[in-house]
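**Q** Construct the complete structure from the given sequences, taking the supplied hints into account.
Protein chains in written order, with my numbering: chain G, 1 to 1005; chain F, 1006 to 1099; chain Y, 1100 to 1322.
In case anyone wonders, no lab produced these hints; they're calculated from the structure. Don't be surprised by glycine CBs; every beta carbon is placed ideally from N, CA and C. None of the hints are false.
Sample of chain Y residues facing chain G (criterion: CB under 8 Å; computed from the structure):
#1 Ala1117
#2 Gly1124
#3 Glu1126
#4 Ile1127
#5 Thr1163
#6 Ser1237
#7 Ser1281
#8 Arg1298
#9 Tyr1304
With a cut-off of at most 27 Å between alpha-carbon atoms, the simulated BS3-like pairs for lysine-lysine come out as follows:
#10 G:Lys681 <-> Y:Lys1223
#11 G:Lys911 <-> G:Lys971
#12 Y:Lys1280 <-> G:Lys284
#13 G:Lys284 <-> F:Lys1089
#14 F:Lys1085 <-> G:Lys455
#15 G:Lys697 <-> G:Lys890
#16 G:Lys779 <-> G:Lys844
#17 Y:Lys1143 <-> Y:Lys1157
#18 G:Lys939 <-> G:Lys971
#19 G:Lys350 <-> G:Lys414
#20 G:Lys481 <-> F:Lys1085
#21 F:Lys1085 <-> G:Lys284
#22 Y:Lys1266 <-> Y:Lys1280
#23 G:Lys622 <-> Y:Lys1157
#24 Y:Lys1115 <-> Y:Lys1223
#25 G:Lys890 <-> Y:Lys1115
#26 G:Lys405 <-> G:Lys523
#27 G:Lys966 <-> G:Lys922
#28 G:Lys890 <-> G:Lys681
#29 G:Lys800 <-> Y:Lys1115
#30 Y:Lys1266 <-> G:Lys481
#31 G:Lys681 <-> Y:Lys1115
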Amino acid sequence: MTQQNRLTSGGRIDRSTPLTFTYNGKQYKGFKGDTLASAMLANGIDVVARSFKYSRPRGIVACGAEEPNAVLQLGATEATQVPNVRATQQELFDGLVSASTNGWPSVDTDVMGMIGKVGGNMMPPGFYYKTFMFPESLWDTYESMIRKAAGIGRAPRERDPDTYDAVNQHCDVMIVGAGPAGLAAALTAARGGARVIIADEQNEFGGSLLNSTEQLDGKPAAEWVRAVVEELSTFDDVMLLPRSTVNGYHDHNFLTIHERRTDHLADIAPVNTVRQRIHRVRAKWVVLATGAHERPLVYANNDVPGCMITGAVSAYINRYGVVPGNELVVMTTNDYGYQAALDWADAGRKVVAIVDTREAAVGDRTEAARQRGLNIISGSAVIEVQGTKRVTSVSVAGLSSSGTKVIGSVTKLKADTVATSGGWSPVIHLSCHTGSRPVWSDSVVGFLPGPTVQKQLTAGGINGQYETATALQEGLDAGQKALAEVGLAAADVVLPDVKTLKVAAPMSLFHIPHIKPTSQAPKQFVDYQTDVTAAGIEIACREGFEAIEHVKRYTAMGFGTDQGKLGNINGMAVAAKALNKSIPETGTTVFRPNYTPIAFGAVIGRNCGALFEPERYTAMHKWHVEQGAMFEDVGQWKRPWYYPQKGESMQQSLNRECMAVRNSVGILDASTLGKIDIQGKDAREFLGRVYSNAWAKLAIGKCRYGLMCGEDGMVFDDGVTACLGENHFVMTTTTGGAAHVYEWLEIYHQTEWPELEVYFNTVTDHWSTATITGPNSRKLLEELTDFDVSNDNFRYMDWKQITVAGVPARVFRISFTGELSFEINVQANYGMAVWEQLIEAGAKYGLTPYGTETMHILRAEKGFIIAGQDTDGSVHPYDLGMGWCVSNQKPFSYIGKRGMNRSDCTRANRKQLVGLKTKDPKQVIPEGSAAVLDPKGPKPLEIQGHISSSYWSETLGHSIAMGFIKGGLDKMGETVYYPMADGTVIEAEICSPIFFDPKGERQNV
Amino acid sequence: MLHIYCPHCAEYREEDEFHCAGQAHIARPLDPEACSDQEWGEYLFFRKNPRGLHHELWVHAAGCRKFFNMTRDTQSYEIKEVYKIGEQPSVVAE
Amino acid sequence: MSDLNNMTAAESAATKAAVMNQVPGPEIEGQSPLHHADLASLAKQGPKTGGIHLREQKLLGHLTLRCNAENAEQLAAVERVLGVALPLQPLTSTENGNYSIRWMSPDEWLILVPGLETFDIETKFRDEMPGHYSLVNSSGGSTVLELSGENVVDLLKKATPVDLHSKSFPVGKVVSTLFAKSTATIRRTGEQRFELVIRRSFSDYLWLWLQDASLEFGLVVEA
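**A** Put into structure tokens, the structure is as follows:
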């Protein structure tokens, strides 16, 4: 295949390194240095997409991030599929495989296109809202059909083999864009000794200088670029980031950069390299040197392949050695448009005409064109082009001086390429990300960055300054300003000599009139990617949408993956005209991160698979894994849930574990409970203030259970606290509540009661806790300690410092199962050693490891609550029937006391925690089930409460449940009903939640 | 993302290291029992939500774990000052 | 509020922290948080060159001291026990031989000592420290990772948002900060050498994370 549009010389491509690539199944050749787009144009590929709504053939329009049409699917294998790649930004590599994303069976012969020709006229703006919103239930169906037909790329169905990550960066000056302004700023800041990061989305630095034939210091601009980049790379504190898009600009000068490190090398990243990286930059100062995007003009059939913007034409010729056609017509409202014609003529191809919408503009570029003898048609416009898959001819007509009407006759000219320039739109996206509202400039004919609170400077094209000399000077000034702001001396920089060309005033024109009214003229596209036309915007305005944000949403203008980089300003101009307002009066939409689409892999970085979320392990975790435990996530902890033996169902495992505890002895890894060391002479007073019960008389060597409430009186945590010394306590919290309780203690100490002498320290990870529980737990403990652990010497709710299995331990005789229990705490480095010895010594008692589920069943049999399961932030201690755990004798009004006494907390008929026993003992009420008094009563049934805990109790041979019932504590023996989704009803009797050993004899032996 | 100066660590750190604990200068009533339901309700539930300057309580959760106050513009996200617990703001809304 | 300084010796002792020697005899081997990673074997069998070197300083004594930085008597007592003063400037550290002290907060310091000296130091503090303070043994709750090598800053930048440039993070500086999705107390001990104090329960996660993030540089495990 020949590259028929390739020039034999010139450009920044390496003709000695040919590369092969595939587009829609066909092989083509390009060169090193090409983008996919330049290689496609070199090969004469005209149609790269079918449009979203009308399925019209579309070609390459631009040459950078603003490209709306050449959005392709990449990937040689299923796993390496990447959607949404702009061919204009994708560097060519050998073996690249690409495909168009819409059009079926192909972009060239498209079924939807036929429908589109009919359907198109039936799809006015607001079509989706009007047609598909009702019935709502069918939206899913509509959506999938629309998506399939529209074709906007697809995600891979296999796991992405590449690695992505994120890196945190800090600098004095972050420079966005490495064109003339950005490079001048970087050189200045670097020479001044600042820490600098300069990023540019292209593969090499230089920006507009790479696309032009301009001379700096009498030499090609690229030579100056090379010298600057070389110098910059000698500084240790300067980071150069090519192929890196600054995608977001956030509060306080925080920026996110998307760096593509290997996308230009191959389909898959080389071994052990990171494919894409997000740099999270905190910059003291930011210099935005993001340049400007050229605006195409809006005219009839302006989407036919061959319609481009003038800057892109120059870039393809000068940078890639590609002339994207044979016969060019330029239409421009300004001097810059002439450059494409000059470059085209230099490339040896035919310039049919330069159509200037202005009358008699005289600038250096217009005069150069005149001297070259190019055909200049002034005061006129291309009102329409002809052709389907490529432009074949254009219609040129005279314009009224305001540009609003066609005057005079229409002339047809033969051409295959139309390059238009409606002026340039400064790339203000990043400035908008920070919340800054853009400001319209009549002289620039575009929006400029608005006032900002960021430490931000701007230079060059973003300020509407398009002459290289001005851009360089603004870059240097920004660099010096940044140096001064970060406290560094000014740098010595001499800018290169550049000829400044005389520029005639541009014309403010966006939408080219047609001989027919807009509504009847051939389609005049404003936003290519979402198929929004000038007529569509006019309809939206006619239908009453006046705010530009509403027009945007109604028409979908700017909603494509290009965020309307080319079309938005034109759309606003069309809306302004329709609304009889000026553009600043109409206002503008703004932009959000990200500037260009970004792969999910880059967003996720390293946080996937095993690293998605930290898994916290106890010192005995490996043992649990080896025993085949099933794990439950509790916060970030992995806790053994149950330990299935071969052939057991989960319920069978739970039954076995429960019975082992009730009949002999079980062992639980309780290390995950939060533990807080509390010291100081006011520790006891502090405990009294944060717990609802009394602490004044807890003796050294004793433990006590406490309920922790919020100021509203509602329970949020509970646990046992042991008195280690007169001024020394260790508090336990729930596993999930540990961090919150710790912060709770600190906030009260630091902000309310700093006069109390107390220190809190987290020791959760420091202690390992093995709980042995069951009638044989004492016998087991006796085997591993010399200490007398008899009931006389080691009472219930005592703790002792003893040696267990040769390891110093603090053993708490407390019980969450209702059985005789010992919680053995040792320094975690020795947790496994003690655990293994317990397991070995316990064999003769059938010591059975049990997990959190058995723990839950055993405690529910005893009616013990679990904070967070039997509490939900709306229940106070009295609601839980735990008034015994509230002391109103304490002199200090502890946290929760006043809250508990609010009128709503003391009213009758509050939901209260009770036990529930099903009429059918085998039935287990699903947790969350709602209680009613009369399931057959008139609907809606009044809900009396819900089930918070519910299990099968093997110990008792029937189901047990805890739940809330309005006024439940006074309704013992009454019946409530739980209607199920399947229509059945479970009947249950209200009872005490203490199902087992109500007198608590078993834990006290 | 905010860049926050911790007055205890004496340097700027990323917002990720901090938690906001709500409006600053909400003192717990010295005698809660003496509060009417309405007064207690005001203390418990009612908070300002200004557009503009706001005084907030923050904690350097992943750092020194100390609480401090911040005066922040809720519209521009500018941090006007940080000051320690017990101190009063020097920047206040007019 | 304190009248602790006016108590009799017996009264004072009763008010002090309950301390215990938590380390068993030598017949019971401790398992550091990274015990199961078997770093010793990796050090023998793994690569010998790479941009990142990792070593666990295991089973050290970790003591968290809380006291008043403005109490001269307490500061003097600390110096008597450890032979080195508490670092009072935020984010700094001091050391004396095997003892190192990290500033954690205006009233908090992390003291690292050889594991077997822990109880001795706790006892000395109990004897020497006047007034309101707390000293908490957290040796089982954390471990120390030493990371070094020519890419060590490149690696750490992936994990922590703090600025590691030597201008902002000179040798001796200490920060407690986020590290990947966990936290760490990072101290710079050389231009290309850092010590991380990490929590026990997160250590397996961080070990996995560090291996993954080091792939592009090469990871050398040292015994």
